[in-house]
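There are 2 protein chains.
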Amino acid sequence: MGVNAEVNAKPEARVIAVAGLGLIGGSLARRLADRGRRVIAWNHRPAPYDLARAAGIECVDDVTDLARAVPDVLVLCTPLKAMPDVLAKLAPVLDRRTVLTDVGSVKGQVRDEVKAAGLNDLYVGAHPMAGNEFSGYAASDPSLYDDALWAITFDERTAFDRLLVVADMICEGVGDRFIAIDDDTHDHAAALISHMPHVVSTALANELTETPGRNIAQALAAGCWRDMTRVALTDPDRTRAMVEEDAANVAMLLHHMSERLDSMATLLESGDETAMARIREFFAVARPYREYKARERGGAAHETVTVRIDGGDETVWRGQLLESAKRGEHVTHMTDRGHAVAEVRTALV
Amino acid sequence: MGVNAEVNAKPEARVIAVAGLGLIGGSLARRLADRGRRVIAWNHRPAPYDLARAAGIECVDDVTDLARAVPDVLVLCTPLKAMPDVLAKLAPVLDRRTVLTDVGSVKGQVRDEVKAAGLNDLYVGAHPMAGNEFSGYAASDPSLYDDALWAITFDERTAFDRLLVVADMICEGVGDRFIAIDDDTHDHAAALISHMPHVVSTALANELTETPGRNIAQALAAGCWRDMTRVALTDPDRTRAMVEEDAANVAMLLHHMSERLDSMATLLESGDETAMARIREFFAVARPYREYKARERGGAAHETVTVRIDGGDETVWRGQLLESAKRGEHVTHMTDRGHAVAEVRTALV
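From first to last, the protein sequence lines stand for chains D and E. Numbering follows full-length UniProt numbering, in which position 248 of the first sequence is assigned residue number 248; successive positions increment by one, without gaps. Numbering follows full-length UniProt numbering, in which position 177 of the second sequence is assigned residue number 177; successive positions increment by one, without gaps.
Just so you know, these hints were derived from the structure itself, not from any lab. Check each hint, because a few of them may be wrong.
[Claimed, not checked] Here are the simulated DMTMM-like pairs of lysine to aspartate or glutamate, each with C-alpha atoms no more than 20 Å apart in a straight line:
| no. | chain 1 | residue 1 | chain 2 | residue 2 |
| --- | --- | --- | --- | --- |
| 1 | D | 81 | E | 65 |
| 2 | D | 293 | E | 112 |
| 3 | E | 293 | D | 237 |
| 4 | E | 326 | D | 210 |
| 5 | D | 293 | E | 235 |
| 6 | D | 293 | E | 210 |
| 7 | E | 81 | D | 273 |
| 8 | E | 293 | D | 227 |
| 9 | D | 293 | E | 155 |
| 10 | E | 293 | D | 210 |
| 11 | E | 10 | E | 172 |
| 12 | E | 115 | E | 155 |
| 13 | D | 89 | D | 61 |
| 14 | E | 293 | D | 133 |
Remember, predicted model here, so these are calculated numbers, not experimental data.
Please take these sequences and the hints and turn them into a complete structure.
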């Protein structure tokens, strides 16, 4: 391989280590092995090893063996609460050529733990929008990753070449697409579309539970109530853990919602002409969202665009990737150090 | 017929007049005609008359003709905003033997309009939990009423015999079941399970619409967000009208929700031991609701009970019917002036 080819070669994730063979990690390992990547896996209990080996996955006895294989990427797929322990074991043996990533749902917390272990320079965060209500390797299914979107997260220390390795794992290895954003943007968005609404849904269920005529209200309930309270039926301990891990964002958004609802209540109590006009405004705010959903239902086609990402310029690539995500683009392929190919999904305009 | 038989005969709804042949009125008229009741109908435009006559429904040119036929029941199925005009036309010609009822979704407002027209003594409120996203006679379908629950509403002036006529129309005429409650209980429950959650859903959609990274949040959204914002996609003018018609109840419930969410936000910001304990309590409140839904999913069987309703005693029957509804019982049949047969549905305990 000549010097020129060496310089321009796009970093790849040919050897991938997976720590944790639960639903998400097991499905990922199987998907990557099915698509021709070399996958080495470890699990805190060896129970799934026979099945995993039959699926073409190499299994090792100790999490440090993953590091010693010097994989291109090591993916942490353990529960968030197990991360500090796993990171402490990996830190002394992890080769600097390996990119460290994870699949956790709260990126700020994982990065803090990675920093505490002294591994932030090796790290790129990741979060696949995939999952279901089951758990464990027995429930794993490579098709869980069909057409899934991932978030890749970076901070000011993240090396662009390491981000390219994770992008290669996602786009070429798994066959998915991604958006690349900073941790705060990710955690705020996740709080907005999931963690905070879980609290709202639970508060609705609490209101009914504490109403004296609760069986009357429940008898009259139809589709609106069923949908609005479905996620309140989730195991409350799981919901509570999720909310507490993203507490600052959830608290801020709950204050916003509280103000929106209180303000609407006051307008309804007033009922004068000014109030009526402001009630009309309240119902008009979400117009762009309604129009976006109508276009989506109408099956709006995805456009394909090429986006220039100046990977060689440390001052601009983060902003370029973030702006791309804000425009509603999902990256399907990184062609080289300088370009991303992205689908433009229907976006809110 | 002897005197004794006369006294004990259960009042029946043999001849039923329907004012308004839209989705709800048209489906009701067809259902009653299919099941052998004599149905006379009027619509503000005669467009559906040919189809209605083919379905065995007698059609008349003027709303006053409905009253002149001296039906056992006259059902107002017009939009709420058309009610005052229709009531003003009916008031001079309505025979006192006719029971006046309606299918409106806010019972307090309809009763106020009925009172303004001087017709409260003839009136019993009704609200079928049936409907879909379509409108007009062309969309009507008798199966809309399959296994539907109705609310019957009364006030301190309601005559028990008139309630029995409406109950006969619902149970024997339509083949449905009902709960009987006062207007305030109905309108509070409807605000809790529908009107208020519509505002909450819209406030969530507003929060996303006003977020700078809204396309990022939307990209990461999954089932929780989709379900929580589905009703925010309803025509906002329709939602606004519904909320304004039940303004006092909606405002009170929005204040409750605002307080619940603000209090949770403050606890998350505090994060001390006391706060953590109160967060656990927040997630525990809805336990009876989760258990109820789990029993429902498990296909818990309905028990059949006979409930004594002392129709002859003006001071007790309202409370007896209300308590029955609070216990989660749905009345399927009134046997005579003194008894209701009810299914006990799975209830919150």
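- Agreement of residue 81(E) and residue 273(D) with the hint, judged by alpha carbon distance not exceeding 20 Å: 19 Å, holds
- Hinted pair residue 293(E) and residue 237(D), Cα distance within 20 Å: 18 Å, holds
- Message: Need the status of pair residue 293(D), residue 112(E): alpha-carbon distance at most 20 Å?
- Response: 39 Å, violated
- Message: For a C-alpha distance cap of 20 Å, please report whether residue 89(D) and residue 61(D) respect it.
- Response: 13 Å, holds
- Sort out whether residue 227(D) lies within 20 Å of residue 293(E), counting only the CA atoms. Since the Cα atoms of residue 293(E) and residue 227(D) sit roughly 13 Å apart, the hinted pair holds (cutoff 20 Å).
- Message: residue 115(E) and residue 155(E) were given as a pair; does the straight-line alpha-carbon distance stay at or below 20 Å?
- Response: 11 Å, holds
- Is residue 81(D) close enough to residue 65(E), meaning Cα to Cα at most 20 Å? 74 Å, violated
- Does residue 155(E) lie within 20 Å of residue 293(D) when you go C-alpha to C-alpha? With Cα atoms ~44 Å apart, residue 293(D) and residue 155(E) exceed 20 Å; violated.
- Query: Does the alpha-carbon distance linking residue 326(E) and residue 210(D) stay inside the 20 Å limit?
  - Reply: Satisfied, since the Cα-Cα distance of roughly 13 Å is no more than 20 Å.
- Message: So if I understand the rule, the pair passes when the alpha-carbon distance is 20 Å or less; does residue 293(E) with residue 210(D) pass?
- Response: 16 Å, holds
- Would you check the hint for residue 293(E) and residue 133(D), treating anything up to 20 Å between C-alpha atoms as holding? Holds. Residue 293(E) to residue 133(D) sits at ~17 Å (cutoff 20 Å).
- Straight-line alpha-carbon gap residue 10(E) to residue 172(E), limit 20 Å: Between residue 10(E) and residue 172(E) the Cα gap is close to 12 Å, so the pair holds against 20 Å.
Hint check: violations occur at hints 1, 2 and 9; the rest are consistent with the structure.
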